[in-house]
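**Q** What follows is each chain in one-letter form.
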Amino acid sequence: MESSALHSRAVGSSRVSACLRRTSSRALAASLLLPGAAAAEYKFNFPEPVTPIARETLHIHNEFMLIITILFVVVFAIMIYSMIKHRKSVGHAPSQFSGPSSAMQWFWALIPFAILLFIDFVLMGIPAVQAIISMEDTKTRADMVLKVTGMQWKWQYEYPEAGIKFISTMSTPRAQIANAEAKGEHYLLEVDKPVVLPVGKKVRILLTSTDVIHTWWVPQFGVKRDAIPGFLRETWVLIEKPGIYRGQCAELCGKDHGFMPVVVHAVPEPEYLAWVEQQKAEAVATAGSADRAWSSEELIAEGKAVYDKVCVACHQDQGQGVPPVFPALAGSKIVAGPLLDMNGRIIPDSHVDRVVNGKAGTAMQAFRETLSDVELAAVITYERNSFGNKVGDMIQPAQIKALRQEAK
Amino acid sequence: MNTATTANGHPAPHGAGHYGGVLRWLTTTNHKDIGTMYLTFSLLMFFVGGSMILAVRAELFSPGLQLMQPEFFNQLVGVHALVMIFAALMPAATGFANWMLPLMIGAPDMALPRLNNWGFWLLPPAALLLTLPFFLALFGIGDGALATGWTFYAPLSVQGGMGVDFAILAVHIFGISSIMGSINVIVTIFNMRAPGMTLMKMPLFAWGWLITAFLLLATLPVLAGAVTMLLTDRHFGTQFFDAAGGGDPILFQHLFWFFGHPEVYILLLPVWGLMPHVLATFSRKPAYGYKAQVYSFIAIGVLSLVVWAHHFFTAGLPVPALIYFMFSTMAISIPLAVLFFCWIATMWKGAMTFETPMLFAVGFIVLFGIAGLTGLILADVAADAQYHHSYFVVAHFHYALFTGGIMGVMTGVYYWLPKWTGHMYSEKLGKLHFWLTVFSFNLTFMPQFFLGLAGMPRRIPDYALQFAEFNAISSVGAMILGVSQLLFAWNIWSCIRGGEKAEARVWEGADGLEWELPSPPPHHSWETQPVIK
Chain G
0 MESSALHSRA VGSSRVSACL RRTSSRALAA SLLLPGAAAA EYKFNFPEPV
50 TPIARETLHI HNEFMLIITI LFVVVFAIMI YSMIKHRKSV GHAPSQFSGP
100 SSAMQWFWAL IPFAILLFID FVLMGIPAVQ AIISMEDTKT RADMVLKVTG
150 MQWKWQYEYP EAGIKFISTM STPRAQIANA EAKGEHYLLE VDKPVVLPVG
200 KKVRILLTST DVIHTWWVPQ FGVKRDAIPG FLRETWVLIE KPGIYRGQCA
250 ELCGKDHGFM PVVVHAVPEP EYLAWVEQQK AEAVATAGSA DRAWSSEELI
300 AEGKAVYDKV CVACHQDQGQ GVPPVFPALA GSKIVAGPLL DMNGRIIPDS
350 HVDRVVNGKA GTAMQAFRET LSDVELAAVI TYERNSFGNK VGDMIQPAQI
400 KALRQEAK
Chain B
0 MNTATTANGH PAPHGAGHYG GVLRWLTTTN HKDIGTMYLT FSLLMFFVGG
50 SMILAVRAEL FSPGLQLMQP EFFNQLVGVH ALVMIFAALM PAATGFANWM
100 LPLMIGAPDM ALPRLNNWGF WLLPPAALLL TLPFFLALFG IGDGALATGW
150 TFYAPLSVQG GMGVDFAILA VHIFGISSIM GSINVIVTIF NMRAPGMTLM
200 KMPLFAWGWL ITAFLLLATL PVLAGAVTML LTDRHFGTQF FDAAGGGDPI
250 LFQHLFWFFG HPEVYILLLP VWGLMPHVLA TFSRKPAYGY KAQVYSFIAI
300 GVLSLVVWAH HFFTAGLPVP ALIYFMFSTM AISIPLAVLF FCWIATMWKG
350 AMTFETPMLF AVGFIVLFGI AGLTGLILAD VAADAQYHHS YFVVAHFHYA
400 LFTGGIMGVM TGVYYWLPKW TGHMYSEKLG KLHFWLTVFS FNLTFMPQFF
450 LGLAGMPRRI PDYALQFAEF NAISSVGAMI LGVSQLLFAW NIWSCIRGGE
500 KAEARVWEGA DGLEWELPSP PPHHSWETQP VIK
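These protein sequence lines map, in sequence, to chains G and B.
Each residue of the first sequence is one higher than the last, beginning at 0 in numbering that gives the first Met the number 0.
Each residue of the second sequence is one higher than the last, beginning at 0 in numbering that gives the first Met the number 0.
Heads up, some of the hints might be wrong.
[What the hints assert, rightly or not] Computed Cβ-Cβ distance ranges for the label pairs, DEER-style: (1) B/467 / G/172: 23 to 31 Å; (2) B/244 / G/403: 22 to 30 Å; (3) G/397 / B/250: 38 to 46 Å.
[Stated by the list, open to error] Using 30 Å as the maximum straight-line C-alpha spacing, the simulated DSSO-like pairs for lysine-lysine come out as follows: (4) G/87 / B/348; (5) G/200 / G/164; (6) G/146 / G/87; (7) G/84 / B/348; (8) G/87 / B/500; (9) G/332 / G/279; (10) G/279 / G/138; (11) G/400 / G/389; (12) B/532 / B/430; (13) G/84 / G/192; (14) B/430 / B/200; (15) G/182 / G/240; (16) G/308 / G/400; (17) G/146 / G/84; (18) B/348 / G/389; (19) G/358 / G/303; (20) G/201 / B/500; (21) G/87 / B/200; (22) B/427 / B/200; (23) B/427 / G/87; (24) G/240 / B/500; (25) G/192 / G/279; (26) B/532 / G/84; (27) G/308 / G/332; (28) G/200 / B/200; (29) G/308 / G/358; (30) G/308 / G/146; (31) G/146 / G/332; (32) G/308 / G/182; (33) G/84 / G/201.
[Stated by the list, open to error] Rough simulated footprint, nothing fancy, chain B against chain G, three-plus residues with beta-carbon under 8 Å: (34) 72-80; (35) 363-373.
No lab work stands behind these hints, which were simulated from the structure alone.
Treat the numbers as computed from the prediction; the structure is a model and nothing was measured.
C-beta atoms are modelled at their ideal positions from N, C-alpha and C, and glycine is treated no differently.
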């Protein structure tokens with residue numbers, strides 16, 4: 000009770016607006032007829048737009064809703080008028096016409112289609128073509144590039160110019176999803192590491208995927224684009240207002256499709272540049288640590304963190320998996336098998352091979368591209384010594400680094 | 000063998016009299032028997048597909064996972080769609096064709112009776128294949144049914160379990176059945192019309208079905224090809240949809256939607272063909288714009304073959320393709336508006352009464368109007384970027400396929416039920432069924448438009464808290480909608496069992512050959528073809 004009182008004070012203003020929205024939900028039917036009026040509240044309409052594309056989209060949407068509402072009302076008013084006046088019970092005698100018979104009737108019969116043609120190809124068509132051209136113009140005066148890689152079930156973000164790369168996964172605890180804990184304010188729409196973008200800059204977004212098709216969508220950006228394995232797709236955003244913007248994967252991508260949020264922090268440019276510098280420094284520190292010798296405890300601790308972020312969705316928290324699609328790691332023969340061969344090379348279909356190179360045709364992806372040397376070594380060591388597995392050995396980040404160089 | 004003879008002394012060529020019991024239904028080649036089996040199967044599968052989605056709506060009643068895990072949720076969503084499309088709606092339309100086409104065009108039966116029998120009997124095994132993985136999973140075999148959504152998008156479907164293989168084979172069998180049904184309709188219409196019934200004198204229902212049959216012939220083989228390529232990608236090392244082998248996942252979407260978009264019209268055209276009959280009957284006035292409707296059917300049929308890519312505007316198509324597919328999609332609004340115009344003009348200055356079929360027809364026009372109008376704005380590529388993959392689309396296509404498809408089928412059932420059974424159904428129950436259906440349908444799907452606009456993606460088993468209220472409303476609506484359909488089943492059942500005798504011309508304003516036969520028509524009808532002047 001106490002905590003909920005505190006909570007309600009903290010988010011008091013949003014509660015008030017939620018209240019307002021609830022009141023308006025009573026006007027459910029009316030709102031379809033009054034899209035313009037509803038637009039102000041954004042519960043019956045798109046959320047507040049923060050990019051030029053989203054503003055354009057909202058404008059188009061409102062205009063079209065108005066047009067189709069008028070069409071709907073006019074057409075069905077005529078029909079309802081007829082249903083009231085031309086009933087047998089009011090003694091209306093049926094006419095027997097079955098088509099236009101005079102030039103005048105032809106004229107009136109064709110007028111609606113002339114209006115419709117005008118609406119389709121002029122009123123709607125011309126602004127739509129302009130909108131498409133501006134939506135697809137990803138290259139002109141782009142200030143920076145963000146590469147987005149979808150993978151089951153997380154997003155990887157890469158800033159090629161700055162050399163930053165990280166994975167962003169949902170941070171909502173599984174206990175909240177299972178209704179074992181109270182749900183937080185941003186339930187399912189929160190991540191461990193949001194993507195950070197500067198406001199007022201045109202960001203060219205390149206999208207791809209490592210496994211199945213995902214769709215990157217932030218409603219307030221008005222942008223939705225598929226991430227397709229083996230291909231690059233692109234789109235762009237120019238965020239006009241600092242803030243935290245939330246979205247989700249929009250294409251069914253398997254089990255945890257609903258648990259793959261997108262969170263973008265839009266910040267002023269100086270703040271963005273400071274963040275970039277900080278990320279670079281962290282990356283250097285991580286890369287350096289691959290060369291030192293790690294203790295088994297260190298690897299297992301780091302490995303657990305990686306496992307809980309990257310592996311747990313399929314292989315589950317006790318390593319039990321969801322057979323037969325997602326095999327168990329607990330008691331797995333592959334995990335219990337030898338680490339590397341006598342010459343320190345990868346044994347085909349071994350534990351290291353699976354984690355580093357994945358298994359074609361399954362959800363098990365090749366993690367060599369997405370995890371660092373330390374992360375790979377840590378998670379492999381962790382898996383071999385957890386969930387009742389007692390292999391007892393470990394692999395050093397330096398060994399992974401060597402394997403990588405050999406592969407090149 | 001039984002030596003049953005007909006009134007004119009010839010041995011009965013087929014159908015009743017050879018066998019009794021189950022064997023009669025297994026071996027029947029009579030169009031009425033087969034029509035009845037199609038319709039019964041369809042009603043049964045309507046409840047199967049409906050129960051699946053009620054489980055889904057129950058899960059979505061509140062945030063969090065209550066009843067099921069996401070894997071099972073995904074299976075229910077995908078199999079619901081396949082069952083409703085392939086096992087409920089398409090067989091219902093074929094059932095109508097079987098029962099009514101021969102009666103309406105003055106033919107003694109369908110042209111290819113044995114093919115007809117086989118066409119039906121392929122359906123139960125196909126439905127079994129589709130749903131079997133659910134039960135196998137209970138015994139620890141496999142990981143359940145198709146979990147990719149009904150669209151089978153590669154590479155998700157390449158990755159999926161054996162439910163995908165079952166669904167691929169089921170779709171193959173459904174497809175073969177539909178192709179056989181289409182061939183039968185085309186041959187029957189082209190060869191067995193009563194003397195004097197030219198194509199342009201043919202009932203509009205026959206026209207609607209003729210276009211449907213051609214669309215099925217044109218597109219089902221493409222779907223069969225696409226899912227076969229998927230099967231070989233899964234098991235035989237081909238890489239049609241894998242970039243690593245020079246393939247392309249988007250190729251699958253092109254192939255799938257080349258079938259998938261016309262499929263929408265395959266489900267709708269028989270209903271559009273039926274509408275003018277019902278509206279004319281209860282307005283006591285001839286259908287308005289016969290030729291205009293025929294040409295619109297043809298135009299929509301042709302256009303539906305060239306607009307498929309609007310189903311994946313967000314996949315990153317080139318600009319010229321986006322513009323082309325947008326404008327070709329918008330062009331469909333013209334012939335569709337012609338149909339709306341003709342429907343309303345048929346009612347205009349008539350003498351209307353509102354029996355259950357007329358209520359369903361009017362409900363169909365209004366609610367299908369919402370589908371048409373939202374379809375028009377979905378065609379806009381820029382706005383579509385927001386609507387796509389969201390609940391807005393879910394609401395849109397349920398307005399198209401529930402009110403356009405299923406309510407259209409219900410219109411036909413109430414309209415023809417007295418003809419089929421010889422009894423009147425209960426008007427009171429029928430009207431109650433109508434009002435409950437319309438009310439709960441809107442309660443279910445109107446909130447989904449707003450969910451989509453607010454940013455809720457489709458096919459998610461759990462959602463953010465901001466979507467909670469509308470989802471709860473939608474779930475309540477769905478439960479009422481589901482339960483209301485029991486009234487429909489009960490009404491049909493009691494109508495078969497008995498009731499007020501129906502006359503040959505069941506409805507005062509009914510016009511056409513089918514109303515000149517007694518209700519129910521004899522097992523063999525139009526053995527002497529009527530002549531049309």
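**Q** If a hint holds in the structure, say so; if it doesn't, say that too.
**A** Verification of the hints:
no., hint, verdict
1, B/467 / G/172: 23 to 31 Å, "19 Å, violated"
2, B/244 / G/403: 22 to 30 Å, "25 Å, holds"
3, G/397 / B/250: 38 to 46 Å, "43 Å, holds"
4, G/87 / B/348, "10 Å, holds"
5, G/200 / G/164, "20 Å, holds"
6, G/146 / G/87, "67 Å, violated"
7, G/84 / B/348, "8 Å, holds"
8, G/87 / B/500, "24 Å, holds"
9, G/332 / G/279, "39 Å, violated"
10, G/279 / G/138, "26 Å, holds"
11, G/400 / G/389, "25 Å, holds"
12, B/532 / B/430, "38 Å, violated"
13, G/84 / G/192, "64 Å, violated"
14, B/430 / B/200, "33 Å, violated"
15, G/182 / G/240, "28 Å, holds"
16, G/308 / G/400, "22 Å, holds"
17, G/146 / G/84, "63 Å, violated"
18, B/348 / G/389, "86 Å, violated"
19, G/358 / G/303, "22 Å, holds"
20, G/201 / B/500, "74 Å, violated"
21, G/87 / B/200, "28 Å, holds"
22, B/427 / B/200, "36 Å, violated"
23, B/427 / G/87, "19 Å, holds"
24, G/240 / B/500, "72 Å, violated"
25, G/192 / G/279, "15 Å, holds"
26, B/532 / G/84, "35 Å, violated"
27, G/308 / G/332, "24 Å, holds"
28, G/200 / B/200, "65 Å, violated"
29, G/308 / G/358, "20 Å, holds"
30, G/308 / G/146, "20 Å, holds"
31, G/146 / G/332, "37 Å, violated"
32, G/308 / G/182, "20 Å, holds"
33, G/84 / G/201, "59 Å, violated"
34, 72-80, "holds (count 4)"
35, 363-373, "violated (count 0)"
Taken one by one, the earlier hints fail for this structure at numbers 1, 6, 9, 12, 13, 14, 17, 18, 20, 22, 24, 26, 28, 31, 33, 35, listed in ascending order.
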